[in-house]
Amino acid sequence: MEACCCSSSSAPSASILAAAPDVALRRRIPAAAGGRTPARPLRVSAVMLATAVPRRRGPGVIRAVFERFTERAVKAVVFSQREARGMGDDTVAPHHLLLGLIAEDRTLVGFLGSGLRVERAREACRDALGKAGPAQAATGLATDVPFSAASKRVFEAAVEFSRNIGCNFISPEHIALGLFDLDDPTTNRILKSLGADPSQLAKQALKRVQGELAKDGREPVGLSSFKVRERSAAGAGKSAIVKYSNKKKEKSALAQFCVDLTMRASGGLIDPVIGRKEEIERVVQIICRRTKNNPILLGEAGVGKTAIAEGLALKIANGDVPIFLVGKRILSLDVALLMAGAKERGELEARITSLLREVRKAGDVMLFIDEVHTLIGSGIAGRGSKGAGLDIANLLKPALSRGELQCIASTTLDEHRLHFEKDKALARRFQPVLVNEPSQEDAVKILLGLREKYETYHKCKYTLEGINAAVYLSARYIPDRHLPDKAIDLIDEAGSRARMESFKRKKEEQCSILSKSPDEYWQEIRAVQSTHEVALANRLKYSLDENDKDDGVNIEVIGDNKIASPSMPPTSVDEPILVGSEEIARVTSLWSGIPVQKLTADETKLLVGLDDELRKRVIGQDDAVVAISRAVKRSRVGLNDPDRPIATLLFCGPTGVGKTELTKALAASYFGSVGYAFLLASFSRSEKTCCMDHVLKKLFIRFAGISYD
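When we follow full-length UniProt numbering, the leftmost residue of the sequence shown carries the number 1, and every step to the right adds one.
Worth double-checking, as some hints may not be accurate.
[What the hints assert, rightly or not] In silico SDA-like pairs for lysine to any residue, Cα to Cα no more than 20 angstroms straight-line:
no. : residue 1 : residue 2
1   : Lys-461   : Arg-586
2   : Lys-397   : Gly-346
3   : Lys-152   : Phe-169
4   : Lys-328   : Glu-358
5   : Lys-328   : Arg-289
6   : Lys-453   : Leu-578
7   : Lys-292   : Glu-404
8   : Lys-277   : Gly-302
9   : Lys-361   : Leu-325
10  : Lys-361   : Leu-426
11  : Lys-131   : Gln-200
12  : Lys-203   : Asp-260
13  : Lys-361   : Glu-349
14  : Lys-445   : Met-263
15  : Lys-361   : Leu-400
16  : Lys-453   : Ser-496
17  : Lys-633   : Arg-476
18  : Lys-315   : Lys-361
19  : Lys-507   : Lys-616
20  : Lys-616   : Lys-659
21  : Lys-315   : Val-335
22  : Lys-459   : Ala-475
23  : Lys-445   : Leu-400
24  : Lys-397   : Leu-426
The set of hints was computed from the structure by calculation and includes no laboratory data.
Small disclaimer: the values here were computed from a predicted structure and weren't measured.
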């Protein structure tokens with residue numbers, strides 16, 4: 001525990017200097033009393049300060065506190081003792097400290113920039129105390145002048161301010177802050193008579209402390225935790241400085257951990273949702289149930305699960321919902337933000353409890369939890385041995401069962417099978433809604449609905465051929481992702497690429513114009529003049545009437561000196577950036593690694609020449625090549641069952657005859673890349689029938705004891 005200087009009955013005075021063994025210190029303070037103070041105050045020796053105080057608490061404690069007083073602070077204390085002795089007072093009161101602070105600040109702008117001088121302040125002090133006689137400056141040494149209880153509280157407040165804002169010293173500004181915080185009536189009367197405002201003086205003191213710390217390259221730790229209260233100079237019995245804790249007013253849990261999708265939909269910040277009418281209606285039906293009214297959207301990544309929740313938010317914002325859903329809000333819960341910073345046991349539980357309390361109090365909130373499988377097991381890591389704490393899912397179960405929390409969840413099929421289905425108590429509280437991948441026709445409609453948003457962002461125009469190419473190429477050459485997500489990403493990146501290329505072309509044109517020589521400019525001018533002369537000659541030679549417009553020269557005379565030349569290309573400044581099938585194919589080529597010419601090749605020609613392409617790589621396997629080609633051709637012309645694969649091929653033969661090579665040749669010829677060949681199983685003809693059965697079982701049967709999920 002720190003001890004402040006007010007714990008003693010007296011303070012450092014001028015007599016300390018005489019008793020101090022350090023001659024340099026004896027000279028330093030009197031010499032600086034009437035002169036300018038250094039920009040950065042020096043430290044005063046603890047020995048010099050401790051010799052003037054009684055050793056009730058031990059010299060070590062007192063010395064540790066007085067080491068933090070700067071030279072200017074010691075001067076202010078010495079001046080206050082002189083003022084008290086000069087006025088004939090037995091103790092140093094707060095108004096004496098005010099006089100000492102004013103006497104110490106000998107700058108041109110006066111005490112804390114207020115223009116106050118010690119002579120005027122001394123007269124105002126005598127008038128406020130009702131003391132007769134002219135004000136005289138105190139002279140001589142003030143020895144053994146103790147401090148009053150109020151002055152001790154001033155020093156205590158100064159020490160507290162210094163510690164709270166991270167200062168390792170106590171300056172006159174800290175003492176001034178403690179003085180203004182005390183709200184002494186006599187001090188307030190003196191300042192009022194001088195026309196000074198304590199709140200403004202406190203603000204100036206805070207600024208000086210901040211500037212002093214900035215010189216050392218440090219930030220004030222808790223300076224924002226002190227707020228100066230605006231009030232009159234009279235005081236009205238209230239402190240000029242109001243101390244606030246560093247703890248800010250906490251935001252509500254819903255505002256801190258959730259995003260209002262309904263508000264975003266009202267502000268036009270959500271893309272339109274095309275299709276998915278059946279899925280949204282199914283979600284609304286589940287929400288309107290009496291119990292277990294929590295839908296969970298199940299589907300592969302990229303099929304549009306989040307878009308369904310956003311589509312429901314759009315319907316609520318537009319009022320296109322049943323009457324019992326009007327006024328509802330859909331808030332998206334950020335699970336990562338909910339867990340971030342929860343270090344202590346019980347902190348995460350407190351957040352969730354507060355969140356549930358606010359949801360229950362609001363009554364019109366539905367939570368949307370994306371990737372809901374992350375709730376299972378979240379919050380128990382590092383809490384004892386093997387999950388000793390409660391995870392978020394267990395904390396939500398009671399609210400879900402009682403109907404206090406209405407939730408829309410989403411996750412993938414694999415994550416639902418691996419994590420969600422294992423928790424039977426949690427799974428039964430949610431009703432599954434299967435979200436399938438849209439067809440190519442529906443994907444085209446979705447892209448047409450989103451086209452305006454992406455055109456506005458990229459400042460380009462998407463052609464209908466480009467939209468169709470995005471769906472077709474993504475469905476064929478990007479099999480590891482799903483529509484419409486991969487098609488949307490294609491048009492997004494194609495628009496970005498086209499905009500960048502347009503910007504580069506404009507920069508090159510500007511650079512080429514600036515780099516032309518005067519002779520080149522004269523050549524262009526002569527070409528325009530010659531074209532103008534030819535046009536005028538043709539105009540005189542032929543009569544250009546309305547019937548002969550198509551037979552005339554395709555030249556428009558704009559004015560006497562301006563004419564458009566057919567050889568000159570039109571300006572590209574105002575031309576819109578078009579994104580067509582070629583731009584989409586380039587981006588698809590970057591993604592898949594397949595050359596652009598193969599992506600844009602005619603599929604009819606590809607099918608016709610499939611036999612020859614396969615024979616170029618696989619020699620002597622004509623029967624297998626013909627069988628594969630027939631199966632692929634029948635599939636592409638629509639002569640097969642659409643619900644069945646193109647063909648089920650089983651390549652059998654001894655090692656080295658070309659089974660793998662034929663698979664790679666088919667993938668490279670038809671799909672454009674060898675990477676699309678998947679080798680499921682292969683075996684030699686010499687293997688027995690039982691071995692063949694074992695290989696097939698490996699493909700389709702789960703063996704026990706291998707922990708298959």
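These are the hints, each one checked on the structure:
1. Lys-461 <-> Arg-586: 17 angstroms, holds
2. Lys-397 <-> Gly-346: Judged against 20 angstroms, a Cα distance of about 18 angstroms means the pair holds.
3. Lys-152 <-> Phe-169: The given pair, whose Cα atoms are some 18 angstroms apart, holds under the 20 angstroms limit.
4. Lys-328 <-> Glu-358: 15 angstroms, holds
5. Lys-328 <-> Arg-289: 15 angstroms, holds
6. Lys-453 <-> Leu-578: Holds, at roughly 15 angstroms.
7. Lys-292 <-> Glu-404: Holds, at about 11 angstroms.
8. Lys-277 <-> Gly-302: 18 angstroms, holds
9. Lys-361 <-> Leu-325: Holds, at roughly 17 angstroms.
10. Lys-361 <-> Leu-426: With a Cα-Cα distance of about 23 angstroms, the restraint between Lys-361 and Leu-426 is violated, given a limit of 20 angstroms.
11. Lys-131 <-> Gln-200: Given pair Lys-131, Gln-200 is violated - Cα atoms ~28 angstroms apart, limit 20 angstroms.
12. Lys-203 <-> Asp-260: Given that 20 angstroms is the threshold and the Cα spacing comes to 40 angstroms, the pair is violated.
13. Lys-361 <-> Glu-349: Roughly 18 angstroms separates the two Cα atoms, so the pair holds.
14. Lys-445 <-> Met-263: 26 angstroms, violated
15. Lys-361 <-> Leu-400: Roughly 15 angstroms separates the two Cα atoms, so the pair holds.
16. Lys-453 <-> Ser-496: Since the Cα atoms of Lys-453 and Ser-496 sit roughly 13 angstroms apart, the hinted pair holds (cutoff 20 angstroms).
17. Lys-633 <-> Arg-476: 16 angstroms, holds
18. Lys-315 <-> Lys-361: 24 angstroms, violated
19. Lys-507 <-> Lys-616: 47 angstroms, violated
20. Lys-616 <-> Lys-659: 15 angstroms, holds
21. Lys-315 <-> Val-335: 25 angstroms, violated
22. Lys-459 <-> Ala-475: Given that 20 angstroms is the threshold and the Cα spacing comes to 26 angstroms, the pair is violated.
23. Lys-445 <-> Leu-400: 37 angstroms, violated
24. Lys-397 <-> Leu-426: 7 angstroms, holds
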